[in-house]
Structures are given as C-alpha cells and as structure tokens.
Amino acid sequence: MSEHVNLTHLQRLEAEAIHIMREVVAEAEKPVMLYSVGKDSAVMLHLARKAFYPSPPPFPLLHVDTTWKFQAMYELRNEMAERSGMELLVYQNPEAKERGINPFDHGALHTDMWKTEGLKQALDLYGFDAAFGGARRDEEKSRAKERVFSFRTASHGWDPKNQRPELWNLYNARKKKGESIRVFPISNWTELDVWQYIHLEDIPIVPLYFSEKRPTVERDGMLLMVDDERFPLAEGEEPVMRSIRFRTLGCYPLTGAVESEAATLPEVIQETLLTTTSERQGRAIDKDEGGAGMEKKKQEGYF
Amino acid sequence: MADTATNDPVYKTDALIAEDIDTYLSTHQHKTMLRFITCGSVDDGKSTLIGRLLYDSKMIFEDQLAALENDSKRVGTQGQEIDFALLVDGLAAEREQGITIDVAYRFFNTEKRKFIVADCPGHEQYTRNMITGASTADLAVILVDARKGVLVQTRRHSYLCNLIGIKNIVLAVNKMDLVDYSEEVFDKIVADYSEFAKSIGIESFTAMPISGFKGDNITKAPSANTPWYKGPSLVDHLETVEVRSAEDQDKPFRMPVQWVNRPNLDFRGFSGLIATGGVKPGDAVRVLPSGKTSTVKSVVTFDGELDEAVAGQSVTLTLDDEIDCSRGNVLSVADNPPEVSDQFEASIVWLADEDLIVGRNYWLKLGTQTVSAAVQEPKYKVDVNTMEHLAAKTLSLNEIGVAELFTDKSIVFEAYQQNRALGGFILIDKITNQTVAAGMLNFSLRRAQNVHWQPTDITRADHAAMKNQKPRVLWFTGLSGSGKSTIANEVEKRLALMNRHTFLLDGDNVRHGLNKDLGFTEADRIENIRRVGEVAKLMTDAGLIVLTAFISPFRAERQMVRDMLAEDEFIEIFVDTPLEVAEERDVKGLYKKARSGQLKNFTGIDSPYEAPESPEIRVNTVEMTPEEAAEHIVRAILPLK
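The listed protein sequences derive, respectively, from chains A and B. If you read the first sequence in this note's numbering, its first letter stands for residue 1, the second for the next number, and so on. If you read the second sequence in this note's numbering, its first letter stands for residue 304, the second for the next number, and so on.
Here chain A stands alone, though its shape is the one from the complex (with noise of 0.2 Å):
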C-alpha cells in the first residue's frame, strides 16, 4: 500500500479498548462490566456494543448502588441497560442499608460501606474474576501508575509496589481461585477524549451534565444539589435555584456542582478546556488523607 490511512488519536484509543475488552472475554472466566452511570461509564458501555457486535456483550453490568445517587442516574442506568441487551445486576450493600449510613452522618463510612465493601462483596457474590472499570489514567495521581490489568488479591487488595510488568498489548490475565483483576480499557482517555468521543458517537449521558436550573445549597465552598427529601437542611437554610450543572457525578450529597451556562455538549467541552480547575475536584474522596487518599482507598480495595 503506497497511500496511508492516518487514525485519529480516538480511532486508536478505542481500537485499543476493544481489544482490551475482547482478550478479558477470551481469558477470564467470568467477566462483569462495573457501571456507574457516569459519562466515562457511558463509554464504556458504548464500546463494549462496539467490540462484540453483532454479538451483545457477553457479560453483564454490575451497578454497586449507594441509594444516594442522583435520580437522573437510576433513570439512565434503566434505559441503557435495556437498550444494549445486557443483563443489569444492582447491588446494594446490606448491612449498610439496614444500619442506615449516609453522607449526611457517616462522612467517609458512607464511601467505605456502600462502595468499596458493597463492591466486594458483589464479586464475591457473583463470583466474578475480572471486573471493567472506566477509570482513567489522567485522573489522579495514582491511577496514572495503574495497570490496564490490575491484579487483586482474595480479598481485594491492590498492592502500587508490586504490579506485573505490561509490555506492549500482551495482557497477563492469569490468576488463582478468588483471586480478581480489574480492567480499565479507556486507561489511555483523557477528559476531553471521553467529551469528544460521546460528542462524536451521540452516546447518552445523564442530562445533569448539561446546565439547567436547580435546586442548591453552598456548603464547606461546595455547591450540593437537592436531589430529593432526604437532603437535610441546617436551620435557615434554604435552597436556592442556581444554573449548575456536573462534571462528574457520585453521590449527591457529596458531589460539588459548578455554576455553568452550558446548555450543549460542544459549550460542556469549551467550559471544560477552559476551566482552571481539575474534574475530581468536586468530589470530597480525594481530599481525605493527604496527598495518598485514592492510592489508600485503592489498597483497601476501592475501585
């Protein structure tokens, strides 16, 4: 061939994702895709239809619920799990739901019950050995060092100092009974691939990420949403509707809004290029324990 043909930078990236996704297919014996109705989720899930069609993909989703997310969110996740044909599992940790945690009075109990344990215990339960996850390398500190393949222990662990080499496109899925490893395929995404992408493709997103206005209230310098009766009010407190919209999103008492004009996608991407501060920045995760809050929580399991 004398004429080349030059792929774009997201022809490449999700030629990439799409052979992750099929070598876990080919290797792991029971994979899941974790979803969490986000925009890096959605892509994912886009991909995923994109990788084994005509075939839908074979595996289901898994959605570690905290009760506390968005209602946009629970209504996406529905349609979307309809519209690929996959099976949509949702689990909601039991003995976090029964002792009643929540943003509100737990802090970071919340995070720590209904995500890194409810997450736990739906791999044990199901027995999945290899689980998809959106996360980006662009997004934090620690998750730029991580493996596409990143290897848990029986319970969980993710051990920085000891990850196995990854050279070339050669993934080492091997592992013992119990033993798990997370996959992250758009690892080489940044933000703004993953609003190009969704621009491009015409995936759905959840419409919190578009400026519309609500409810809210200021707190600690956060912008929260009052999603629903549960949002307690401190005395004299009271809800002011302002033009916000998300740049990310988890659970709404603990995800910061901005204050933003952005009504389209292409005005949600020129605010996000031009915007002075970092996308999980909203979120109170990643302000616990110093410099190392993710890597910790990562250790202990977190996704």
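Mixed in with the good hints, there may be bad ones.
Simulated coverage check for chain A against chain B, where a stretch passes if three residues somewhere in it have a Cβ under 8 Å from a Cβ of chain B [what the hints assert, rightly or not]: (1) 51–64; (2) 122–130.
In silico lysine-lysine, DSSO-like type, Cα no more than 30 Å apart, as pairs [unchecked claim]: (3) B:Lys415 - A:Lys161; (4) B:Lys770 - A:Lys50; (5) B:Lys770 - A:Lys30; (6) B:Lys733 - A:Lys50; (7) A:Lys50 - B:Lys840; (8) A:Lys176 - B:Lys733; (9) A:Lys176 - B:Lys712; (10) B:Lys696 - A:Lys161; (11) B:Lys770 - B:Lys840; (12) B:Lys733 - A:Lys177; (13) B:Lys733 - A:Lys120; (14) B:Lys712 - A:Lys177; (15) A:Lys176 - B:Lys840; (16) A:Lys50 - B:Lys682; (17) B:Lys554 - A:Lys175; (18) A:Lys175 - B:Lys334; (19) B:Lys712 - A:Lys30; (20) B:Lys696 - A:Lys50.
Listing some non-contacts, in silico: residues in chain A with all C-beta distances to chain B over 10 Å [stated by the list, open to error]: (21) His4; (22) Tyr91; (23) Gly100; (24) Gly107; (25) Ser155; (26) Gly157; (27) Trp168; (28) Ile203; (29) Asp227; (30) Leu273.
Source of the hints: derived by calculation from the structure; they are not laboratory data. Idealized CB from N, CA, C, for every residue including glycine.
Dock chain B against the given chain A, drawing on the hints supplied.
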C-alpha cells in the same frame, strides 16, 4: 510562577476554544497520536521536563497547581521554585523518597497531536519498568545533563530503547542554562553519544539543547539563549515525526484472532486487532498454523461494513468458507504467510525477583497464542552498562540475555524486528502467575524446520489394543523415604498378576544410566523429570502402563509431564508421609547426611517439596502398610481397559 520562560505557551489555542468551539472540536478530532517515553539518569530532569510540557500546554489546573506549590515548599527539591517532579511522582513511596519507581502515564495535546508520555524510572533496579514504558512507545526522549554528559545510564537506556525497537530517538541535552548555553558543551556531548549510538546499532537520532526548567527550545526554537541551534524545538519535532502505525500499514496483512464471534448460526466472525497491513473484502487469506485458505467476505464493525481496514484497527472478519479458525490462530495474506515453529532464538529481559529456571516450563503468551515454553541455558547475558557479552547459567532480575527457547506446540511468529505483534512475548510463571520475563524472537532454529514427525503405520492405539489395556502413567511423588519405590513395586506385582504390561521407572535406577550426567541443582532436577516424562510418554505410545517413582518435588514439572500426555493418562499418586516419619525411617541414611551438611539441596531439608494440591490418588503411609496402599491404588485405577 517564578520562572523566566523564554517561550510563551503556544500549543493550546484558547482563542479558538472560546470563539468557535465547533471548529476547534473538528480540528481536535483529526489529530493523530504519538506515544513516547522520557528516560535518562536519576537527576537529568525527566519529571521536570514532563511537568514543563504539561504546564505549558495548560494540562495543569489551578487546584493542582496550588497543591503543587504547597508540596514543592514542603518536600520539593527546588528550593522555593516549583518542583514539577512532584506532579508526576504519584505513589506515596515515590513522593517520600523523591524518586520515580513506576512508569507514570501523562497526557497532553498540541494543535497537531495528542501525546501519551510514559515517564520511566532511571535507577537500574527499575529496568523492568522502563522496558514496560518503552514497549508501547513510538519515540524516546533520552535526557542528558549538560554538566555530566553521556553516563552509564544514558547508555543503558539507549541500549534498551534500541532493543525494544524504538526507531525515533531524541537526545535532549538538558540543563543548558547551567552551562551558559554553551554550543561547545552541546557539540561535545552529541559527538560522544554519536560514537556510542553507532556501536549499538542506532542509525540516527535527533539532538537538541534544552532547559526543561527554564523552557528553552521546548516549544519554540531557537530560544534566545541558543541562537546557534538550527534544529526544531522539542514540541515541533514531536508533532511532525512519523508514527509507527504508518510503517505497519506497509507490511503484509496479519491479524491474530482474539475471539470467534457467533451470535447465531448464520454469523461466524473472527475478531482481532490488525497487527500489520490491510484487508479488504475479496482478499485471499490464510489461517495459520493450519495453512488453510479462504476469502474475506466482509469487514464487520458496529458502524457498518468497511471497504478496507488497516493496521491498528479492531475489526471482525467473515470468510467465504466454514474453515476451522479460533483464538490463537493468525489470519494472514494468503501468498505471504508468517512462519510456524517450536524452537527459537530469543532475546529475553528477566523481570522477576526469582531467577530464570532453565528447562522449567513457563506460559508463553505471544499475540493471542498461549503455549508452554522452556528456556535453555543462556548463550550469554549482556552487561547493559558496557554492552559486553558475559557467560551466564541463568538470568536474574533486570538481566538481558540471549537463549534458545522451545515451545510444546508450534506457534505462528515473525522476527520481532519485522513484526512486534508476532515477535514480542511474555513469560508467565505457572504457579505464581506473575509475568516473569519479556522477550523478542530473533529467528527460528533450523533444526526445528528440518525435523519432522515421522508418521508410523502401527499407531499407539494399535499398540494399546494388542495389549488389551489403556496406557497410563502412574506417577508416584513424595519425600525421600516416603515409600514410593516400595509401593510402586507392590502395585506392579499386582498388575503383572492381572496380565497387564507394565514398566517401573525408578529414580535411583534412572540416575545410573539415562540421567547419570545430571546432578541435584534445581535445573538438573527439572531436566531429570523432563527426560523421565519423555521416556514415560514413549512407553505409553508403546501401550504400556508406566509406574514412576521419583521425588519430583516441584509442581511445575509434574504439571509439565501431565501436559505431555493425553487428558486422562497421567495419574498423580501422592505418597503422603510427614517429614519426621520419613526422616525417622531414613532407609538410605540420606537425611543424616543432609542434616550434617554433607548433602546439599536435599528435598525437605534445604530444598522445598511442593505437595500436590489435588492428586488423583493419595496414600498415607503412616496409616497404611505398603500392601494396603498398593491395593488402594489398584482399585482406584480399575478398570484397566
């Protein structure tokens, strides 16, 4: 920022983003991607350079910058200045020790390209991390401190980059600000490096004088401080250098099959990532290793069928005929297929704390093929600091050597120099599942090509039928003095009375003849078992029931013999005797010798015994007499046909 950058950041067009986001997006959409690594000695300023690239391309946000300023004052190494290294050293241990341990991947964009940078650690003990980062890179930036010139580490990293096949090398002479931007200093370093590069086979490289800290020649060249420099800025060069995927498209079509896509009876597609070349409907293709040919019917994707697909794309191909093809096979252009072989010469980089065990079977993964492979004694290892070839019995962590390698099944391959996807492999320990080595196939050994299997008219089934029995290997394993030989002998007597054709291979006896050249080192013990396995296999071909009595202490080697035989022909019998009991018996007086230090590498004393995890049969010689144990075994293997 307290900084005297001579160049304004130029590679992000804020104006266009603000004024016309749609145009910006369509430009960005058509960008290509370049993956590169930065390497060099410990204090050559790699992390600072990456920090600079991120900062200048505005990939550092205000909150990160605030945290960075804070950290710089607390633990930074640049006084009151910003320590960019803290941006990229992500692990807690790295920030504490001020060194880079693992590869960090960073991302930035310019107007023309998206970049993925692997920041690789400089210390020799992290060679394996560097190799990891280099394996996916199109280009390497090798940093040299202008004050220090070409160092041992510069040579090592250049050698590794060349070994892994990186064609584009940039020699970045850094910290030019600390040598008064001297052209003379720069020229001297380039001349030194040039001589060295030629000696290891690097044909060309691009040299540039920079200061990562001050910003000279990073985005714009020449900087005011280096008017004598005539080449491009680092960013200009990164934006325009040709990426490897273009070169891959010129090679013949190859696609390792990852997965067979069968949603229903009417559709059967072969999914994979095209490694080299391109493919169109109507193309004649060949399936390797079978060699069967067919024609491409369609190139299927979620976005519709394609007229053509090229290297770097993940696709699903359908063929005109229903030919046999599955994961591990390679689809190739019909008239120029890759080779198939089971014996190779390979360059191997050892990545594990435990040394290579010569002769042991490891999993070898190459493309989508996984087979058992044994590495022979290295021909030599390379002193990565002097490039000298040294004699070697094994390979240890971070060592690089050349050795022959045998696989248990033929694999489809090409020399690494021609095709990374079909020449690069990893070795995986069968017990720990760790990735222990990375390797590159250089060529297949002639003898593999010239030795063929001779088909015989009287088959192994005929041999077995004549003896009216099902051939099997009864593999007795256990500590010395556990009673293996005694029990095996009892079992054979019983089988003889039942008119069965048997043969007992005894550990001690075999070492008088077939294996008298072997000692008791780990490697020799593995070879001992391999030969016994091969002999036992020949005997089963002849229709015999083979009994073997060997300590065979390692799980990996028992598994190796199991893998040589048909599915249910290997019966592992664990003669389970506690060490105290075997030592108490000490029939041959060997435990006493071992305890007194006269006998080295004695199993159970100073060499491990790895007990079977799920043997077919277990006999407990504390509770059973040898006769009872033999009865138990014979009953367990009935019927014999």
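Taking the hints in turn, this is what the structure says about them:
1. Coverage of the region 51–64 of chain A by chain B holds in this model, with 6 residues showing a Cβ closer than 8 Å to a Cβ of that chain against a need of three.
2. Only when three residues or more bring their CB closer than 8 Å to a CB of chain B does the claim for the region 122–130 of chain A stand; here the count is 0, and the claim is violated.
3. This hinted pair does not check out: Lys415 of chain B and Lys161 of chain A have alpha carbons roughly 36 Å apart, beyond 30 Å.
4. With a C-alpha separation of about 56 Å, the suggested pairing of Lys770 of chain B with Lys50 of chain A is violated against the 30 Å cut-off.
5. Distance hint between Lys770 of chain B and Lys30 of chain A is unfulfilled; the C-alpha atoms sit about 44 Å from each other, more than 30 Å.
6. Of the supplied pair hints, the one linking Lys733 of chain B and Lys50 of chain A is violated, its CA atoms being roughly 33 Å apart against a limit of 30 Å.
7. Between Lys50 of chain A and Lys840 of chain B the CA atoms are separated by roughly 46 Å; this puts the pair beyond 30 Å, and the hint is violated.
8. The straight-line distance between the Cα atoms of Lys176 of chain A and Lys733 of chain B is roughly 10 Å, inside the 30 Å bound, and the hint therefore holds.
9. Between the alpha carbons of Lys176 of chain A and Lys712 of chain B the distance comes to roughly 24 Å, so the proposed pair stays at or under 30 Å and holds.
10. Proposed proximity of Lys696 of chain B and Lys161 of chain A is supported: the alpha carbons are some 29 Å apart, at most 30 Å.
11. A hinted pair counts as satisfied when its Cα atoms are at most 30 Å apart, and Lys770 of chain B with Lys840 of chain B qualifies at roughly 16 Å.
12. In summary, the hint linking Lys733 of chain B to Lys177 of chain A is supported, as the alpha carbons are separated by about 14 Å, within the 30 Å threshold.
13. With a C-alpha separation of about 27 Å, the suggested pair Lys733 of chain B and Lys120 of chain A falls inside the 30 Å cut-off, and the hint holds.
14. With a CA separation close to 26 Å, the supplied pair Lys712 of chain B and Lys177 of chain A stays within the 30 Å bound.
15. For a cut-off of 30 Å, the pair hint linking Lys176 of chain A to Lys840 of chain B stands: about 29 Å separates their Cα positions.
16. In summary, the hint linking Lys50 of chain A to Lys682 of chain B is not supported, as the alpha carbons are separated by about 46 Å, beyond the 30 Å threshold.
17. Pair hint Lys554 of chain B plus Lys175 of chain A does not hold up; C-alpha atoms about 36 Å apart against a cutoff of 30 Å.
18. For the suggested pair Lys175 of chain A and Lys334 of chain B, the alpha carbons sit about 38 Å apart, so the restraint of at most 30 Å is broken.
19. Distance hint between Lys712 of chain B and Lys30 of chain A is fulfilled; the C-alpha atoms sit about 27 Å from each other, no more than 30 Å.
20. Distance restraint check for Lys696 of chain B and Lys50 of chain A: the Cα-Cα separation of roughly 48 Å exceeds the 30 Å cut-off, and the hinted pair is therefore not satisfied.
21. Some Cβ of chain B comes within 10 Å of the Cβ of His4 of chain A; the nearest lies about 5 Å off, and the non-interface call is violated.
22. The Cβ of Tyr91 of chain A lies farther than 10 Å from every Cβ of chain B, with a closest approach of about 27 Å, so its non-interface assignment holds.
23. For Gly100 of chain A, the requirement that its beta carbon stay farther than 10 Å from each beta carbon of chain B is met, with the minimum near 33 Å.
24. No Cβ of chain B approaches the Cβ of Gly107 of chain A within 10 Å, the least distance being about 21 Å, so the stated non-interface status holds.
25. Every C-beta of chain B lies more than 10 Å from that of Ser155 of chain A, the closest at about 17 Å, which supports listing it as non-interface.
26. The Cβ of Gly157 of chain A lies farther than 10 Å from every Cβ of chain B, with a closest approach of about 15 Å, so its non-interface assignment holds.
27. The claim that Trp168 of chain A lies off the interface is violated: its Cβ sits roughly 5 Å from the closest Cβ of chain B, which falls inside the 10 Å cut-off.
28. Every CB of chain B lies more than 10 Å from the CB of Ile203 of chain A, the least distance being 12 Å, so the non-interface label holds.
29. Non-interface call for Asp227 of chain A relative to chain B: holds, since the shortest CB-CB distance, roughly 25 Å, exceeds 10 Å.
30. The non-interface label for Leu273 of chain A is inconsistent with chain B: the shortest C-beta to C-beta separation is roughly 5 Å, within 10 Å.
Against the hints set out earlier in the document, violations occur for numbers 2, 3, 4, 5, 6, 7, 16, 17, 18, 20, 21, 27 and 30.
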